[in-house]
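K.L.:
One letter stands for each residue in the lines below.
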Amino acid sequence: MYLQETLAKSPRWEAWMELIELFTGLFLLVFLQFHMLAVATIILGPAAFNRDALMLDEYYLSYIGIPLVILAIIVHGLVALRKAPWRYKEMAIFIQHSRRLAHLDTWAWFVQIITGMAVLILAAIHIWNTLSTWPIEAAKSAFRIQSGSFSNLFLLLLIAEIHAMVGLYRILVKWSWIHRQKFTKWLVYATIGFVALGFIALVVFYFLDVKGLT
Amino acid sequence: MSRFLNFSIFRYNPATPEIPPRMQDFQLDETPNMSLFIALNRLREEQDPSLMFDFVCRAAVCGSCAMLINGRPGLACKTLTQDLPDKITLMPLPVFKLVGDLSVDTGVWFRGLNENLEAWIHTDKPFDPQGLEDRMDNPTAHAIYDAERCIECGSCIAACATANMRADFIGAAGLNRVARFLIDPRDERQPYQVFEVVGTDEGVFGCIGLMACDDICPMEIPLQQQLALVRRKMALASLKGK
Numbered sequence: 001m002y003l004q005e006t007l008a009k010s011p012r013w014e015a016w017m018e019l020i021e022l023f024t025g026l027f028l029l030v031f032l033q034f035h036m037l038a039v040a041t042i043i044l045g046p047a048a049f050n051r052d053a054l055m056l057d058e059y060y061l062s063y064i065g066i067p068l069v070i071l072a073i074i075v076h077g078l079v080a081l082r083k084a085p086w087r088y089k090e091m092a093i094f095i096q097h098s099r100r101l102a103h104l105d106t107w108a109w110f111v112q113i114i115t116g117m118a119v120l121i122l123a124a125i126h127i128w129n130t131l132s133t134w135p136i137e138a139a140k141s142a143f144r145i146q147s148g149s150f151s152n153l154f155l156l157l158l159i160a161e162i163h164a165m166v167g168l169y170r171i172l173v174k175w176s177w178i179h180r181q182k183f184t185k186w187l188v189y190a191t192i193g194f195v196a197l198g199f200i201a202l203v204v205f206y207f208l209d210v211k212g213l214t
Numbered sequence: 215m216s217r218f219l220n221f222s223i224f225r226y227n228p229a230t231p232e233i234p235p236r237m238q239d240f241q242l243d244e245t246p247n248m249s250l251f252i253a254l255n256r257l258r259e260e261q262d263p264s265l266m267f268d269f270v271c272r273a274a275v276c277g278s279c280a281m282l283i284n285g286r287p288g289l290a291c292k293t294l295t296q297d298l299p300d301k302i303t304l305m306p307l308p309v310f311k312l313v314g315d316l317s318v319d320t321g322v323w324f325r326g327l328n329e330n331l332e333a334w335i336h337t338d339k340p341f342d343p344q345g346l347e348d349r350m351d352n353p354t355a356h357a358i359y360d361a362e363r364c365i366e367c368g369s370c371i372a373a374c375a376t377a378n379m380r381a382d383f384i385g386a387a388g389l390n391r392v393a394r395f396l397i398d399p400r401d402e403r404q405p406y407q408v409f410e411v412v413g414t415d416e417g418v419f420g421c422i423g424l425m426a427c428d429d430i431c432p433m434e435i436p437l438q439q440q441l442a443l444v445r446r447k448m449a450l451a452s453l454k455g456k
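Residue numbers (the numbering used here), protein chains in the order written: chain S, 1 to 214; chain W, 215 to 456.
Keep in mind the hints are simulated off the structure, nothing from the lab.
Every residue, glycine too, gets a C-beta built ideally from N, C-alpha and C.
Incorrect hints may have been included.
[Stated by the list, open to error] Output of the computed footprint for chain W on chain S, the stretches with three or more beta carbons under 8 Å from beta carbons of chain W: (1) 10 to 24; (2) 60 to 67; (3) 88 to 96; (4) 180 to 190.
[What the hints assert, rightly or not] Think about it this way: if two alpha-carbon atoms lie no more than 25 Å apart in a straight line, the pair counts; the simulated DSS-like pairs of lysine-lysine are: (5) S/Lys140 / S/Lys211; (6) S/Lys185 / S/Lys174; (7) W/Lys454 / S/Lys174; (8) S/Lys9 / W/Lys454; (9) S/Lys174 / S/Lys83; (10) W/Lys292 / S/Lys89; (11) S/Lys9 / S/Lys83; (12) W/Lys311 / W/Lys292.
[Said to hold, decoys possible] Taking beta-carbon pairs under 8 Å as the criterion, some of the chain W residues facing chain S (in silico): (13) Phe409; (14) Ile422; (15) Gly423; (16) Ala442; (17) Ala449.
From just these sequences and the hints, can you work out the full model?
P.N.:
See below:
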């Protein structure tokens, strides 16, 4: 028995942190894919995009959703990073171990940590840009994308989708009773599908006639 | 047509600490159906009698010959050289205490694990040596048998990033052992009673789901499902309390 460990012991919190990580992750995954579908309405035309943006505004979904998403990103980031190998020795052990083992799933954790941190930075820029020109309108989005945000947003799209889908893979591995070989393929297809959809939306924005809209 | 195999083998003897750890090269001609067990024995008999490694059963039953074979944990007796490239690197398992060269002490680690988990049937029922055994349905018996096939070779522990970084993690072998007692109707312990040991970051919530254990287990125990079972039961216990 060790005094400090016994006094600090609250094992239920260790379980709850795992559940918080799980549910904030799932919430962000659903949000991201919904967000991709919503911005993809630009493919149908600026009128469809503006109607959807207005609907989110009218029903106050933006005003509830955006603070919730920001909170979820912060909580998920803090909780998920608690297990990352921050000490130099741990990091060296992890990298050497991954190289020796040459095992895709083990490297996937490294990918999760790197993409997760990249999302924190890129999503902060994206949210800031969107909020500072509130409300969301096709013309404003198109102007932003045509004046230099295209590559940033494509990077965010790619990294966020990879992070989300690898995350979903790991949720299914950790919690479900289905063998991972059965769902890996579908998750890869879904990732390609969402990235392609987002890319098409970005390209449509890039070639949208901003002057004609305003 | 026989090949020449180039072995690069980790050498260190804790009894002679003045000689630092190093990789030593050996050459050996390949014979048909040669396993690493045969190769290592020939190296010891023909080239270097001081080479240390463990073997008992030679048939993937005892679990003592696990080592890193080209970086991946596996049983040397079950690994044929024909399935490996010309260059074969052999290292001892990480996480376990080194006895010397390729030999590690998995016994002390597993004994500690089993004492920590109290890996035996807990029951208040008095034992009747004359009585008939309690009946058990076939699916339950199969599920217990599946978990029970673990030979404690330590491969899953050596393959686990968490176990490599954090010495107090019970690993797939430990969680599989927990699963075995959670599904056994003879064990009267409820999930909340093992929660303090298993429902923590040293237990199932330390697992980050990298599944190297599941991929390399020489006995092919379905560790993904065993770990998920324990995780679900522990998460439920954390919400329900008792």
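K.L.:
Would you mind marking each hint as holding or not holding in the structure?
P.N.:
Do the hints match the structure? See the list:
1. 10 to 24: Since three or more residues must qualify, the claim that chain W covers the segment 10 to 24 of chain S holds, with 8 doing so at under 8 Å.
2. 60 to 67: Result for this restraint: violated, n = 0.
3. 88 to 96: Holds: 3 residues of the segment 88 to 96 of chain S have a Cβ under 8 Å from chain W.
4. 180 to 190: n = 1 at 8 Å, threshold three: violated.
5. S/Lys140 / S/Lys211: holds (11 Å)
6. S/Lys185 / S/Lys174: OK: S/Lys185 and S/Lys174 at ~17 Å, within 25 Å.
7. W/Lys454 / S/Lys174: holds (20 Å)
8. S/Lys9 / W/Lys454: holds (18 Å)
9. S/Lys174 / S/Lys83: holds (15 Å)
10. W/Lys292 / S/Lys89: violated (33 Å)
11. S/Lys9 / S/Lys83: holds (18 Å)
12. W/Lys311 / W/Lys292: With Cα atoms ~23 Å apart, W/Lys311 and W/Lys292 stay inside 25 Å; holds.
13. Phe409: With a minimum Cβ separation of about 6 Å from chain S (threshold 8 Å), the hint on W/Phe409 holds.
14. Ile422: holds (6 Å)
15. Gly423: holds (4 Å)
16. Ala442: holds (6 Å)
17. Ala449: Constraint on W/Ala449 satisfied, holds at 6 Å.
Hints 2, 4 and 10 from the earlier list are contradicted by this structure; the remaining hints agree with it.
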